[in-house]
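**Q** The lines below spell out each chain.
Number of protein chains: 2
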Amino acid sequence: MATQVLANWAVGLKYASIPQEVTQAAVRSFYNWVGCTVGGSAHPATTIARTALARFSGPPTSRLLGSDGSVDVDAMHAALFNGIASHVHDYDDTHLDTIIHPTGPVAAALLAMAEARDQPCSGPDFITALVAGIEAECKVGKAVWPDHYDVGWHITSTTGSIGAAVAVSKLLSLNASQTAHAIGVAATQVTGLREMFGSHTKSFHPGRAAQNGLLAALLAAEGYTSSEQALEAKRGWANVASTINNLDAEIASLGPAGRWEIAQNAFKPFPCGIVVHPIIDGCVGIHAEMKKQGIAAAQIEEVHADVHPLVLELTGKKTPKDGLEAKFSVYHGATIGLLFGKGTPAQYEDAVVNDASVVALRSLIKATADPSLRADECRLTVKVKGQSAPIVKHVDHAVGSLEVPMTDALLTEKFVDQCIPVLGEKRTETASAWCWGLEKQADVRRIKDVL
Amino acid sequence: MATQVLANWAVGLKYASIPQEVTQAAVRSFYNWVGCTVGGSAHPATTIARTALARFSGPPTSRLLGSDGSVDVDAMHAALFNGIASHVHDYDDTHLDTIIHPTGPVAAALLAMAEARDQPCSGPDFITALVAGIEAECKVGKAVWPDHYDVGWHITSTTGSIGAAVAVSKLLSLNASQTAHAIGVAATQVTGLREMFGSHTKSFHPGRAAQNGLLAALLAAEGYTSSEQALEAKRGWANVASTINNLDAEIASLGPAGRWEIAQNAFKPFPCGIVVHPIIDGCVGIHAEMKKQGIAAAQIEEVHADVHPLVLELTGKKTPKDGLEAKFSVYHGATIGLLFGKGTPAQYEDAVVNDASVVALRSLIKATADPSLRADECRLTVKVKGQSAPIVKHVDHAVGSLEVPMTDALLTEKFVDQCIPVLGEKRTETASAWCWGLEKQADVRRIKDVL
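Protein chains in written order, with this note's numbering: chain A, 1 to 451; chain B, 1 to 451.
All clues given are correct.
A pair counts as met if it fits within one copy or between any two copies, since identical chains are not told apart.
With a Cα cut of at most 27 Å, we get these calculated DSS-like pairs of lysine-lysine: (1) K234 <-> K318; (2) K234 <-> K321; (3) K440 <-> K426; (4) K317 <-> K234; (5) K366 <-> K292; (6) K318 <-> K366.
If you are wondering where the hints come from, they were derived from the structure by calculation, not from laboratory data.
Given only the sequences and the hints, what does the whole structure look like? Please build it.
**A** Quick look at the structure:
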């Protein structure tokens with residue numbers, strides 16, 4: 001029944017029944033996604049795909065975010081390219097219960113298709129479809145978590161196809177039967193192996209998931225049949241791709257009666273593995289403290305970090321050679337926090353990773369695993385030349401956690417940091433204001449005026 | 001190593017090193033595929049997809065087989081639509097060891113891309129790429145068979161993506177590293193749940209697999225990275241989607257040193273589940289016998305079939321209501337063999353299934369499971385009014401098995417039966433001759449002249 005219950009729920013979802021904190025979470029998710037997409041638009045994973053597939057685009061309808069402001073492709077390709085770009089810096093949002101990056105597959109498909117239609121799509125209609133897709137995606141993800149991820153599936157895209165299908169079905173006002181068939185066509189395209197992590201194909205996953213879901217909804221809209229038990233059947237999605245199947249319970253927990261998953265969505269302040277975030281957060285704080293005391297980075301004698309054991313297991317790279325390796329280095333994370341007081345994509349550029357002052361400071365950083373610490377907690381001790389007392393800092397919960405969420409101001413700063421190098425200051429400002437105002441937009445297709 | 005060994009093998013494969021019986025098997029596979037594709041071109045699963053996705057095609061380069069002879073779309077969509085059409089009647093080829101339908105995903109991608117290029121593709125080059133793709137597909141399929149299928153994966157498409165990627169990589173002359181990355185991008189798109197059997201989505205699978213593989217090769221050609229251990233890694237294709245992983249042994253058994261899988265490819269004489277084939281085969285024989293003796297079908301009093309138990313389990317439907325249900329009816333299979341002396345798609349049309357004389361004869365057919373029979377064996381007894389001795393027939397191996405393969409003449413008959421209703425007699429004849437002559441074609445793109 002899970003597939004049909006989910007389809008019925010999506011069809012019945014109304015903007016008015018979504019609480020304001022949930023629509024606000026949707027706006028924040030969309031806003032963060034646009035910034036990440038613009039920020040990733042010039043990455044080779046995005047540009048190679050554009051080069052390889054340019055000849056296959058139909059008449060252009062949908063904007064490539066972060067292009068020179070006038071590049072449109074068809075909706076199917078916009079979904080792919082924007083989906084890739086949004087994930088390529090590992091800087092997009094995280095549904096912490098499942099580590100799904102939920103907005104990428106759903107928003108990439110939804111925005112591309114909204115732009116391709118002959119009729120306006122209001123902000124509230126867009127938000128309703130976005131919420132429908134993300135709830136579907138996260139609930140089916142929770143139903144198979146953690147086994148599905150442990151066995152090797154990239155859960156962002158395997159669930160993302162389904163989320164995208166639900167969102168586009170909602171946008172197209174498909175009925176419950178069509179929506180169920182769309183879920184089926186999406187579910188049969190199980191895209192994303194974790195083996196691809198560390199390669200371009202990791203960010204291909206949410207892009208392809210966006211296409212899978214968009215394609216599924218378009219086929220179902222014309223009467224294509226799949227299965228109305230695609231998720232829960234004996235040989236359906238959950239049982240084939242996982243040994244855990246809590247679909248009934250998870251689908252029964254959909255909002256408003258149950259819990260809204262999008263309200264649990266977290267935003268990364270730093271473009272690297274989440275386990276490094278407490279260290280960067282703490283070092284950014286120490287940077288501010290040093291500035292206040294007039295201490296230069298060159299005066300640092302030694303840095304010691306006590307961290308959760310997973311930090312060294314996942315990000316123990318001492319001498320990263322480029323930006324990609326630096327994302328897996330807690331030592332680099334500490335260094336940029338201390339040296340620059342920030343951790344944005346700019347601090348992960350190859351030139352910065354290999355800069356002499358960065359390399360020098362990085363060599364002074366020591367880290368020790370302490371199993372008594374939580375994953376989002378750390379302790380830092382910085383010895384400064386000529387000072388007897390070290391600077392110490394305890395980060396209880398890193399910024400970006402649910403306990404210390406990114407404020408709208410921090411999200412804006414993150415957006416601006418990513419967009420200015422691509423769009424320039426003026427266009428970034430306009431785009432930021434437009435995206436924050438999503439709820440009030442009369443026609444989301446007008447995103448072309450600002451991005 | 002399996003991924004890299006496979007990639008190296010594909011790069012090194014030369015037409016001259018492929019034995020003549022293998023290139024001939026490739027021609028037969030291609031020929032049969034073209035006929036099935038034309039035959040399925042007007043099915044709703046194909047036409048709905050065309051309607052839903054027409055707006056997303058780039059500049060047309062590649063022929064939709066069975067269209068009015070002049071409909072081209074871009075290669076990506078030709079791969080999808082031709083892939084769907086080729087499988088929609090369940091009439092395409094079968095690699096019996098794995099029940100993969102191997103040609104659909106591979107040929108659909110390969111032909112579409114060959115047509116889209118600015119340079120000729122000779123028959124031998126086309127055949128070499130086709131063999132590379134089908135060998136890759138069947139070897140990785142054997143490596144995970146039967147567990148992968150048992151758990152619920154539609155093995156035709158899950159392996160088909162990989163086969164299509166290898167074939168297109170070969171066509172594009174990618175190097176070994178690029179080919180390995182193409183295999184990776186294809187492997188991460190694990191498309192096809194058996195839950196979709198009985199719906200349009202079943203035939204969507206080989207179509208989407210063709211697109212997955214084509215996309216993978218095109219991305220890899222431009223430098224997109226995935227994993228060079230995509231098939232064998234701990235969280236790679238085989239281990240994630242199966243509990244069996246015999247990759248090393250299977251990849252080591254590639255031809256010419258090992259066994260050519262395409263030479264094991266079988267062709268269905270009848271457009272229905274393979275377990276019904278012995279009964280239709282036997283009844284076609286009895287039809288001929290009755291004709292010789294001047295006995296009309298109306299004189300039949302009773303028909304008794306002894307069959308393998310699986311026949312009744314899978315195809316026990318006594319009163320099928322339409323063509324789709326009739327495919328799962330051993331009773332209908334026997335009826336059309338006796339009445340028409342053939343089992344082509346025409347005998348599975350709804351009107352025939354509900355025709356009064358068909359319904360009447362069908363009600364006279366009895367079947368009994370006999371565990372001592374093989375799946376491709378049956379015994380038939382037909383009592384005729386006014387005759388004391390019944391007509392009996394024992395089918396040892398059904399036509400279309402490896403023991404009694406479809407002859408070129410039977411393949412031609414099958415091709416013609418499928419193509420005439422779509423192309424008319426003259427175009428069918430030209431197309432048939434062109435396809436049989438594949439090996440001698442100077443430029444496969446010229447398929448446009450005949451199809």
